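Visitor: The listed protein sequences derive, respectively, from chains F and G. Sequential numbering from 1 applies to the first sequence in our numbering. Sequential numbering from 1001 applies to the second sequence in our numbering.
The hints are simulated quantities; they were obtained by calculation from the structure and are not laboratory data. Quantities reported herein were computed from a predicted structural model and do not represent experimental measurements. Yeah, the Cβ is synthetic: ideal placement off N, Cα and C, and Gly gets one too. Any given hint could be a false lead.
Said to hold, decoys possible - With a straight-line Cα cutoff of 25 Å, these simulated DSS-like cross-link-like pairs (lysine-lysine) come out:
1) 340/F to 1214/G
2) 1178/G to 1229/G
3) 23/F to 180/F
4) 322/F to 1214/G
5) 1157/G to 1178/G
6) 23/F to 209/F
Said to hold, decoys possible - Heads up, incomplete: computed chain G residues facing chain F, CB under 7 Å, no partners named:
7) 1108
8) 1111
9) 1162
10) 1346
11) 1379
The chain contents come next:
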Amino acid sequence: MKELQHFEEVASELYNGDLRAWKEAGNRIVGTVCSSIPEEVLHAGGLLPLRLRAPGLLDTASADAHLHRINCSYTRSVLEVLMRGELSFLDGLITTNTCDHMLRLAGELEAKAGFPVHYFSMYHTLGSASRHWLILEMERLIRYIEESFSTKVSEEDLRQSVSVYNRTRRLMAELGELRKKDPPAVSGAEYLAVAVAGMSIPREQFNEKLEALLPSLRERSSGGSGQPRVMLVGGACDMPEFIEFIEAKGVSVVADGLCFGSRRYQGEVDENAEAFLPAIADHYLDRIACPAIIDGFDHSYGILRQMISDWRVDAVICARLKFCDHWGGQRKMLAEELRKESVPVLDLEREYSTAGSGQIATRVQAFLEML
Amino acid sequence: MGKPFERTMAITNGMLEPMSRFLKENPLPPYQDYAHLLAAMLDHNVAHYRDIAAAMGDEKRKVAMYEFGLVPQLFYAFDCAALCLEMFPGFYSRVDESVVYEFLEAAEEGGVPSDTCSTDRFIVGATLSGELPTNSFFVTSSSPCDGTRIAYPILQKILDCPMLFLDAPFRNDRDSVKYYAGQLKDQLIPFVEEHTGRKFDIDRFREVIVESNKAYELLVDTRETYRVKPAPHYGMLRTAPYVLFMHGAGLPETTETLRLFCEDATQRVREGRTEGPFPQKHRVMWVHVPPTYDRELFPWMEEQFGATLVVDSLSSTCVLEPIDTSSLETMLEGLAWQGLDMTMSFMRYESADFIDFTLSAYDQYGCDCMITTQHVGCQSICGARGLIREACREREIPLLFIEFDYNDDRVLAREQMRAQIEDFFTTVME
């Protein structure tokens, strides 16, 4: 579809045309490695937060010599693109410790980046202690922004950024609603392309393009009616081609819990809050929790269960990255809960850059036959 | 499914206790001078596991099962028995590897991926097999690793048991200690009160902390003697004081066992007889976990190559201050600090800090080579490989990486591991 083409194009490369234009206008880009790093704060500092990806990368030979083969292929891919010099357009980088892979990636990035790197120490529980910690970390992040980029981040800046990001969330929610139809208005692959585009170009620009896109999608159908409706969950997955590969087997991916997908756009920050850092903290703690959050399963499962009901999901595919312990554990708990609801779950282990393979095709096909 | 803790007690009563008795009656050469220390360590373990078994059947007590990001003093202040679950696999792999296989397989059959850390698979497998103590509650933290962050939520689902989740800060500063201490006060104390039915008694808590400070000073003094060349005590005993402290900090019997170690080591230093049965040629720093399935490894290294383990990255974390007992806040901050920096939680350090700490210990103990293990379930130490290698190259430190599973000898058998070590000492170190 022509209207979707721009989103698909910007999702297909990291340093896309829109980013080049942003840089040429004298603006700054800061890389991030995790969807739990509050982007609003970076945006409030006049920076463009770019979730790092490695589209098209097939080989991580240089990174493999530094990280280990049991570190996930997402972290090795990010290190690989850095070592190849493909991140030289960045002005800064925010690393974190969401998982052990990320923690050690942070060390490598800090040692090799050559531009200001800030370590954002991630919380791993829900509740008031973590809320307090998250606020402290955002304050540290603001100090990094102010010191590294000679700028100031005011409450008014935060308010404006929250407003921009909430607009994105409302628009993405609208797009998500269109996936409830049968057949859905957009395929799972198309939705992911839009979602990834949202973290790959200036946010205001994205909002305008998405707002313009939505009317053209309202009467549209994607795929056939009556196909099995699937939810996709799992670790780092930013490749629309992977979902396309699954959908080609005759299913519609109508919902997801991906950190590159709908999870990133859930909920809103309270725009009437007296102070914005606490409001942003509340928002991040209220979303579907990453499986790294040790007491987050019941909270996340409650949201996923509601989505399964609202989007009339027939089955769940958990596509987790090899060596990701968090998703390995989450998959086990999820499968046990969903079994009680008679919702089948397919466990797929994949590498970050894998769009599809004979093995995945066979397993998906067998799963669909079971459905 | 067996009775809870049945196998553990069978090993405790049927193997550890007789072994201790045998050592006291028949000190075996060439380690006869150290037999009393080995026996004291075994006696401490026997008492420790018997206390857990006793608490299981005592309605006035509870078993506190805690993760290796905490220290046990607060539980002892509530008269709980305490079991650090991450130490549990090593208990079995030292004496009966078949139980380790059985529990690992039980976890995998239960849906835990086979590439998850074997410690966490073991804990889940032991739970599914009914071996964990009953009459218990669990306390876990979010460090040190991904494996613990999934094992404990799974445990909670399996057992539907009381479990407290604490957020360990992944920073290494005063704010972090205060943050963690705040959770001990606001969450841990009320949680233990609720599950033991006892009110928190600050005077009793202070008594326990005072006792653990005595143990701590003995631990630090013992470790100080390892800086002497040659270092006193042979390899089998090297990590014992640290493990004793981690099991029993705050108990008088732990203090007394540590006193034995400390007095023996300091007397040897005073009298200039620190040389062990074999001449010390190399001083080794061991980074990350040792193989629990090869308890003879360190004595073997000494005998074959004169290579003495003088410091390991885990037990060298005893570099803090004794806990300030002046107020509840200072005591909790001390406990928080120990929990964050003296346990496996130190793996939460950022890579640069972790390497600085390691190199600092390497220098302090006068080492001349480093062995770094790459436990195949630990993405953290494996992921630090590149930076460790670069740092060692820069310092010209001879370095051996060993990739293995520290609980499971099927990944790298004893003989294969020893062959790698032999190659290192007969080529690089010659």
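Visitor: Determine for every hint whether it applies to the structure shown.
Guide: Here is what the structure says about each hint:
Among the hinted pairs, residue 340/F with residue 1214/G is inconsistent with the structure: their alpha-carbon atoms are about 53 Å apart, more than 25 Å. For the suggested pair residue 1178/G and residue 1229/G, the alpha carbons sit about 39 Å apart, so the restraint of at most 25 Å is broken. The suggested pairing of residue 23/F with residue 180/F is violated, with an alpha-carbon distance near 38 Å, which exceeds 25 Å. The hinted pair formed by residue 322/F and residue 1214/G fails the criterion: a straight-line CA distance of about 46 Å is larger than 25 Å.
About 31 Å separates the Cα atoms of residue 1157/G and residue 1178/G, which puts this hinted pair outside 25 Å; it is violated. Restraint check for residue 23/F and residue 209/F: satisfied, since their Cα atoms lie roughly 20 Å apart, inside the 25 Å limit. The beta carbon of residue 1108/G is not positioned within 7 Å of any beta carbon in chain F (closest approach about 11 Å), and the interface hint is therefore violated. With its C-beta approaching chain F no nearer than about 4 Å, residue 1111/G sits inside the 7 Å limit, and its interface hint holds.
A distance limit of 7 Å between C-beta atoms decides the matter here; for residue 1162/G the minimum to chain F is near 13 Å, and the interface restraint is violated. This hint is violated: residue 1346/G has a C-beta 13 Å from the nearest C-beta of chain F, more than the 7 Å allowed. Checking residue 1379/G against chain F: minimum C-beta separation of about 4 Å stays under 7 Å; hint holds.
Violated hints for the displayed structure, listed by number in ascending order: 1, 2, 3, 4, 5, 7, 9 and 10.
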